[in-house]
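Once you have looked at the hints, place chain B on chain A.
As they're listed, the protein sequences go chains A and B.
Be aware that the first sequence starts at 471, since it is given in my numbering, and climbs by one per residue.
Be aware that the second sequence starts at 471, since it is given in my numbering, and climbs by one per residue.
It cannot be assumed that every hint is accurate.
Since copy identity is lost for identical chains, a pair holds within one copy or between any two.
[Said to hold, decoys possible] With a cut-off of at most 20 Å between alpha-carbon atoms, the simulated EDC-like pairs for lysine to aspartate or glutamate come out as follows:
#1 Lys798 <-> Glu627
#2 Lys798 <-> Asp765
#3 Lys778 <-> Asp678
#4 Lys778 <-> Asp765
#5 Lys781 <-> Asp721
#6 Lys781 <-> Asp494
#7 Lys778 <-> Asp724
#8 Lys664 <-> Asp765
Note that these hints are calculated values from the structure, not bench results.
Spelled out from the first residue to the last, the chains are:
2 protein chains.
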Amino acid sequence: MSPWHAAQIGDPVDSIDTPALVLDLNAFERNLKRMADALKHKGVRLRAHAKSHKCPEIAKRQVALGAVGVCCQKISEAAVFVEAGIQDVLVTNQTMSANKVARLLALAKRARMGILVDHLQQVAILRQQAQSAQVPLDVYVEVNVGANRCGAAPGEEVLRLARDIMASPPLRFAGLHCYHGGAQHMRLPDDRRKAIESASDIARQMRDTLHEAGIPCDRITGAGTGTFWLERDSGIFNEVQAGSYIFMDRDYSDNQPGPEDLLFEHALFVRTTVMSHPTAERAIVDAGLKASSVDSGMPVVWQRPDLKFLKASDEHGVLQVAASSTLKLGDALMLVPGHCDPTVNLYDELVCVRDGHVEALWPISARGALL
Amino acid sequence: MSPWHAAQIGDPVDSIDTPALVLDLNAFERNLKRMADALKHKGVRLRAHAKSHKCPEIAKRQVALGAVGVCCQKISEAAVFVEAGIQDVLVTNQTMSANKVARLLALAKRARMGILVDHLQQVAILRQQAQSAQVPLDVYVEVNVGANRCGAAPGEEVLRLARDIMASPPLRFAGLHCYHGGAQHMRLPDDRRKAIESASDIARQMRDTLHEAGIPCDRITGAGTGTFWLERDSGIFNEVQAGSYIFMDRDYSDNQPGPEDLLFEHALFVRTTVMSHPTAERAIVDAGLKASSVDSGMPVVWQRPDLKFLKASDEHGVLQVAASSTLKLGDALMLVPGHCDPTVNLYDELVCVRDGHVEALWPISARGALL
Chain A
471 MSPWHAAQIG DPVDSIDTPA LVLDLNAFER NLKRMADALK HKGVRLRAHA KSHKCPEIAK
531 RQVALGAVGV CCQKISEAAV FVEAGIQDVL VTNQTMSANK VARLLALAKR ARMGILVDHL
591 QQVAILRQQA QSAQVPLDVY VEVNVGANRC GAAPGEEVLR LARDIMASPP LRFAGLHCYH
651 GGAQHMRLPD DRRKAIESAS DIARQMRDTL HEAGIPCDRI TGAGTGTFWL ERDSGIFNEV
711 QAGSYIFMDR DYSDNQPGPE DLLFEHALFV RTTVMSHPTA ERAIVDAGLK ASSVDSGMPV
771 VWQRPDLKFL KASDEHGVLQ VAASSTLKLG DALMLVPGHC DPTVNLYDEL VCVRDGHVEA
831 LWPISARGAL L
Chain B
471 MSPWHAAQIG DPVDSIDTPA LVLDLNAFER NLKRMADALK HKGVRLRAHA KSHKCPEIAK
531 RQVALGAVGV CCQKISEAAV FVEAGIQDVL VTNQTMSANK VARLLALAKR ARMGILVDHL
591 QQVAILRQQA QSAQVPLDVY VEVNVGANRC GAAPGEEVLR LARDIMASPP LRFAGLHCYH
651 GGAQHMRLPD DRRKAIESAS DIARQMRDTL HEAGIPCDRI TGAGTGTFWL ERDSGIFNEV
711 QAGSYIFMDR DYSDNQPGPE DLLFEHALFV RTTVMSHPTA ERAIVDAGLK ASSVDSGMPV
771 VWQRPDLKFL KASDEHGVLQ VAASSTLKLG DALMLVPGHC DPTVNLYDEL VCVRDGHVEA
831 LWPISARGAL L
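With the rest of the complex left out, here is chain A (with noise of 0.2 Å):
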């Protein structure tokens, strides 16, 4: 990690060096508060994904407002968020290694600890490790409901794993994980509605089945910032796992809004500056692919319609300007990530700005936490 900071507290955002990750704080919190709202007295809880922030100051601030705690991806990454105290986190994700299995127990031991399994053979190697340690663990059967990518096919099979965890304490069979991943950059709005009607038509036969079984399916957790509130008002996912609401990013702008998308607001920004302006028609700025995540197409260029983020190499930005636009060499400029996730996951620390200026940084503790 490098010793160099790009700002300090109290800096003037004019003066942050660049590239730098900035937090609109302001923004922020608008994000923060209107999902609450959005969920409060629906019977809804929210469980945030903190894979997109990567960072405790972001979770106790989602907690505060009421969710329930946060999900990670790896084991790995909810460890950083236990230490922090936040006392409940779903990994939500499947893993084949009693080691790994060993670290998740042992972090259950200090907060309330969930996992999914998609197969039997997952199932055993945690009941193996609990039953070992005699720690009590959360167990989420994932089921494919249209992503596919991780997930047990409805039906039988869902069944079959349901039963194997509960005759598998101190495992806990917690819940039914229906995320549907491949509905989230849905552009069309009805397209999202008729993905999600869908999934939650999957769940509901899938608790049903559960029932008539005689088990007991208490939480029916998923859901994205791109169709957070067709799951929220679907009566019957109970939990929803959204993530990027916070910062928002290009990807999720450039769907067409539903009614409640038009809730959340950038919030987060690489701040670069022009290094190189060649020609009249072509400036470089100073953040490319390790400052920028391309993953899902380039950044914008914030409130700058006279300047097109062409294309990146690692630590290059090439951006075509207007014929019109006063843009210089020096000049500084505010990004929007093409997806945040990964962008959080280049820096170390948050420059979270408010009224001009740098309020607080905050470290982006399970960054490159993969394990």
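Same frame as chain A, but now just chain B:
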């Protein structure tokens, strides 16, 4: 930074936790030696690009085999290598930040440091700081030799910049930076040859123009792994900046090889585990785009023609499994990353293996050094 390590020294390779960034030391050392041999007695020196590895242990080995020093892309990155004892570091980039230049000059008290310019304003910032600090600094004029990224247009502007540097002691005009990034991944060797012939012609003209104006220009530097042998044999370049040759990635191996491209072999891998295998045709590994950068396309599964890496989300990789495959849930696989530089930048250490065991853990000390 996560306190968890994927392995300990002495562990068998089979027990490395996943995902992990694995360096095959035998292949890596062969790559090191092949580059040294390829430049021997050619009058061309290696200034290895450290943006690819960000690892002082690797830089030391490059210098031990004859490299004059390293290139870095950022001043904060350069600081890591100076701290580790590398005595000659060129920042192959521009800056408009007086604050960064002050830091560069602090490094220049400890090692020979260089930087690029392509505009008089950059020279002015360097001059002001260097005169104030009374520290000499190598300054190279970057020439646009075809990549159309940074770089002054060939012609009067190059002469003007060189003159301005010459007139600004303690700045030293060190030479021309003529890197053709756009040529590195042209798939056909003939296209690469033509591009570097053109770049070499421009470099020669610029050097001759400078000489005619009485400005000595002893150093023409540039080249990457995809073309270094063309610059080596150009008669005009006398320093090459290859970086990826130590690792090789999928994007470089997709080049149709020229005569010298056959030298290098894959030495860098992402070790991953099949964590879900929901259907016969689909398996999910625990390495997604936070474990293997996808900016230059998907990784490939090493020596497994039965498996195709189809797509990546944050922490999931989706494999297409051939009907004939014997792949099982829990199997470990090795991925060849699409692009080595940003993949290395996702990890805190390299797990270095030889003959089936972990021989060393090398910190990626400049990971995330963006300033």
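Evaluation of the provided hints:
1. Lys798 <-> Glu627: between (61 Å within a copy, 18 Å between copies)
2. Lys798 <-> Asp765: neither (29 Å within a copy, 29 Å between copies)
3. Lys778 <-> Asp678: Classified as neither: same-chain Cα gap 51 Å, cross-chain 37 Å, threshold 20 Å.
4. Lys778 <-> Asp765: both (17 Å within a copy, 19 Å between copies)
5. Lys781 <-> Asp721: both (16 Å within a copy, 17 Å between copies)
6. Lys781 <-> Asp494: neither (25 Å within a copy, 32 Å between copies)
7. Lys778 <-> Asp724: For Lys778 and Asp724, only the intra-copy Cα distance (15 Å) is at most 20 Å; the inter-copy one is 29 Å.
8. Lys664 <-> Asp765: So Lys664 and Asp765 fail the 20 Å test inside a copy (26 Å) and across (31 Å) alike.
Of the numbered hints stated above, those contradicted by the structure are hints 2, 3, 6 and 8, listed in ascending order.
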